[in-house]
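Enquirer: Starting from the known structure of chain A, arrange chain B on it as the hints suggest.
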Amino acid sequence: MSAGGANGYRTMFRTLVVRILAVSVLPLLVIASANFVLFLSLNRSVVIDGHSSLLRYHRESIEAFLASLTAEVATLAHQYTLAELEGGDLERVFEVIQREASVYTDVGIIGSDGEHLKYVGPYNLAGRNYRSTEWFAQVVEKGVYVSDVFMGFRGVPHFVIAVKRQEGDGFWILRATVNTDYFSKLVDAARLGRTGETFIVNRQGLYQTRTHFAGNLLEPSGYPDLEPHDGIRVRRLEVGSKGYFYTTTWLAAPRWLLISRQEVSDAYSPLRRAIVVGILMSAAGVVGAGILAVVVARSQVRRIKRADREKEALTARLVATGKTAAVGEMSAGLAHEINNPLATIDTLQTWIRDLAGTAPIAEDDRAEILDSAGKIGEQVERCKAITQGLLKFARRVETRPAEVQLNEVLRELATILRARARVEGVELVTELAPLPAMLASTTHLQQVFVNLVNNAVDAVAGKPDGRVEIRSRLDGGTIRVDVVDNGAGIPPENLSSIFLPFFTTKPVGQGTGLGLAICHGLVQELGGAIEVSSTVGEGTTFTVTLPPAPAGAQPQGGTP
Amino acid sequence: MSGFAVLLVDDEVAFTAILAKVLRRRGIDVEVYNRGDGVLDRVRRGSVDVAILDVKMPGTSGLELLAEIKRHAPGTEVILMTGHLSLDDEADGLAAGAFAYLLKPHPIDDLVARVEAAAAAARNRASRVAGPGPGGRDAEPPEGSH
Numbered sequence: 001m002s003a004g005g006a007n008g009y010r011t012m013f014r015t016l017v018v019r020i021l022a023v024s025v026l027p028l029l030v031i032a033s034a035n036f037v038l039f040l041s042l043n044r045s046v047v048i049d050g051h052s053s054l055l056r057y058h059r060e061s062i063e064a065f066l067a068s069l070t071a072e073v074a075t076l077a078h079q080y081t082l083a084e085l086e087g088g089d090l091e092r093v094f095e096v097i098q099r100e101a102s103v104y105t106d107v108g109i110i111g112s113d114g115e116h117l118k119y120v121g122p123y124n125l126a127g128r129n130y131r132s133t134e135w136f137a138q139v140v141e142k143g144v145y146v147s148d149v150f151m152g153f154r155g156v157p158h159f160v161i162a163v164k165r166q167e168g169d170g171f172w173i174l175r176a177t178v179n180t181d182y183f184s185k186l187v188d189a190a191r192l193g194r195t196g197e198t199f200i201v202n203r204q205g206l207y208q209t210r211t212h213f214a215g216n217l218l219e220p221s222g223y224p225d226l227e228p229h230d231g232i233r234v235r236r237l238e239v240g241s242k243g244y245f246y247t248t249t250w251l252a253a254p255r256w257l258l259i260s261r262q263e264v265s266d267a268y269s270p271l272r273r274a275i276v277v278g279i280l281m282s283a284a285g286v287v288g289a290g291i292l293a294v295v296v297a298r299s300q301v302r303r304i305k306r307a308d309r310e311k312e313a314l315t316a317r318l319v320a321t322g323k324t325a326a327v328g329e330m331s332a333g334l335a336h337e338i339n340n341p342l343a344t345i346d347t348l349q350t351w352i353r354d355l356a357g358t359a360p361i362a363e364d365d366r367a368e369i370l371d372s373a374g375k376i377g378e379q380v381e382r383c384k385a386i387t388q389g390l391l392k393f394a395r396r397v398e399t400r401p402a403e404v405q406l407n408e409v410l411r412e413l414a415t416i417l418r419a420r421a422r423v424e425g426v427e428l429v430t431e432l433a434p435l436p437a438m439l440a441s442t443t444h445l446q447q448v449f450v451n452l453v454n455n456a457v458d459a460v461a462g463k464p465d466g467r468v469e470i471r472s473r474l475d476g477g478t479i480r481v482d483v484v485d486n487g488a489g490i491p492p493e494n495l496s497s498i499f500l501p502f503f504t505t506k507p508v509g510q511g512t513g514l515g516l517a518i519c520h521g522l523v524q525e526l527g528g529a530i531e532v533s534s535t536v537g538e539g540t541t542f543t544v545t546l547p548p549a550p551a552g553a554q555p556q557g558g559t560p
Numbered sequence: 001m002s003g004f005a006v007l008l009v010d011d012e013v014a015f016t017a018i019l020a021k022v023l024r025r026r027g028i029d030v031e032v033y034n035r036g037d038g039v040l041d042r043v044r045r046g047s048v049d050v051a052i053l054d055v056k057m058p059g060t061s062g063l064e065l066l067a068e069i070k071r072h073a074p075g076t077e078v079i080l081m082t083g084h085l086s087l088d089d090e091a092d093g094l095a096a097g098a099f100a101y102l103l104k105p106h107p108i109d110d111l112v113a114r115v116e117a118a119a120a121a122a123r124n125r126a127s128r129v130a131g132p133g134p135g136g137r138d139a140e141p142p143e144g145s146h
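Note that the protein sequences, when read in sequence, are chains A and B.
Taking our numbering, the leading residue of the first sequence gets 1, the next gets one more, and so forth.
Taking our numbering, the leading residue of the second sequence gets 1, the next gets one more, and so forth.
No lab work stands behind these hints: they were computed from the structure.
In this text, all values refer to a predicted model and were calculated from it rather than measured experimentally.
Don't take every hint at face value.
[Unchecked claim] Here are some, though not all, of the chain B residues that point toward chain A, as calculated from beta-carbon distances under 7 Å:
{"id": "1", "residue": "Glu-12"}
{"id": "2", "residue": "Val-13"}
{"id": "3", "residue": "Ala-14"}
{"id": "4", "residue": "Phe-15"}
{"id": "5", "residue": "Lys-21"}
{"id": "6", "residue": "Arg-25"}
{"id": "7", "residue": "Gly-83"}
{"id": "8", "residue": "His-84"}
{"id": "9", "residue": "Lys-104"}
{"id": "10", "residue": "Pro-105"}
{"id": "11", "residue": "Ile-108"}
{"id": "12", "residue": "Val-112"}
C-beta atoms are modelled at their ideal positions from N, C-alpha and C, and glycine is treated no differently.
Pulled out of the complex, with its shape left as it was, chain A reads as follows:
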């Protein structure tokens, strides 16, 4: 046979698994490797681009924040007179600007001579003179000034926004101290990953905001590149044993350097995670492909096995069919040849009886003649049954096929045959599952199943628990009808010839041996098949498989 037995199927299975694996896993591995390489090359630029664009937006927001604070202080300075502020409005102004958040630490007014005229805030700074301080000189010169962070009189790092207000011949200065913690938090809002932080250093490289890891306020950062530049710079620096990405950009005013830094390993951790996930997914893919290969190969081999078996069965059936057809053709000629002399004999028999009725014959002889003529007639009837069966077998063409509900045919036929079965002491039961309509001649179907059921009843007739079942069901789109009896069974040597014409085990005169041959021919005509399985001592099952009607016929309701 095509696969060469169990060994052949095993080899086929192995070959299939290897091929399916090759086809599915190789492309998977190629794609995974290509992705990996591409990912590595892309990732560094993705990290840098990410840091750069984040810092760009962050710089803009910090600049806007500082600009808004400056504008706010300037507006206040020009809204009030020195007298108003000294008279008590400064407290109110401080309340107003603190309303939203604790952006400012304190606010104060300094006269043109550097004297601290008025102060609202937590420190005791009243009466200090700022004439000699850096920021005082700058604000007197520029009108508006944002200082670097410095210690000042209070001894705490801070920076101030100062605005000079011209009033009459002189001037005074409104100075607000920005809350260092608030500003530090704002700057560090743009942090990345686990080790990322953002802070500011001034032109001298001193920390202007608090940091988590880098260093304290006003300490030197040691950052090497303090020359102002345009745009964003990214560089990798080794600090201690660790590598860091430093992304930097200069603020417009004040000239501070905004730095965002992150450990290199931390920056690459999403990449590492992605690689791990990628490897895991590829591994899962390989395992999946392996499982798939086994499953597909197994089902394919199973399908091939089944196809092989079906082919074998089909071949066997074809051989049987060929035999049956040859015998059928012969039968037709035979029947015709026999029918003609039979008709003559029958007519002669009639003539003898006619004559015996009138001719002068001894009364005893007349009875003999009539009796003999009667017996000739009986034998003619027997021959006629055979030749008519033969002709039907040879010419299976009958009425046109129509849509038939097989269950109805079976139900009707069971009703009719049950009477005969009861006489024989046989229980005839039906078990009919819903079936689709089929295209067939009802007469053909009746002929097939009457034959099978009658045979089954014959097989169990007289048995104490004789039972015949007619079971119908839909099996994978095919209609199957089993006619089951619990009779003596058919010996294996008879099973192969059971569908051949003239094969009978019944006593001479009781069966023509054509019933099953006719069934076989009719079922084939309907596009189906008939099979028999039998166990001696247990019973016999004839299984008829028939195709349903090709159009979308509705299933009929079956009753058990």
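Expert: The following block gives chain B in isolation, referenced to the frame of chain A:
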């Protein structure tokens, strides 16, 4: 006698000889032909009520003869009787206007009944149809049975 004319056409000489005797004894006057030749001439001469035709005969077959009879003498009924059950032949025969299609051997009593019925149908038709039609197509369809 019966008063109607019946032709028996079959190549089996022994069969026609004895069937003719049996039918005559039952009051049916039978003329026997063992070939198809001459049958048509006889039918065309008129007064044949029923023709019993074998289907398979040397020379003109029963079906050919049936067609000719229906064309030239539509008033004659035809019973086909054959040893060969062919559903095609049966369908063709009945379609061509045969009165019946019988399988040999057919019970004598039933054959007699059918011949009488066919003769009655032929007489009935003859009395209703004025003159022979062009091909018997205007005749009523035969009461086919088998």
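Enquirer: Tell me the numbers of any earlier hints that the structure contravenes, in ascending order.
Expert: Hint check: 2, 12 fail, others pass.
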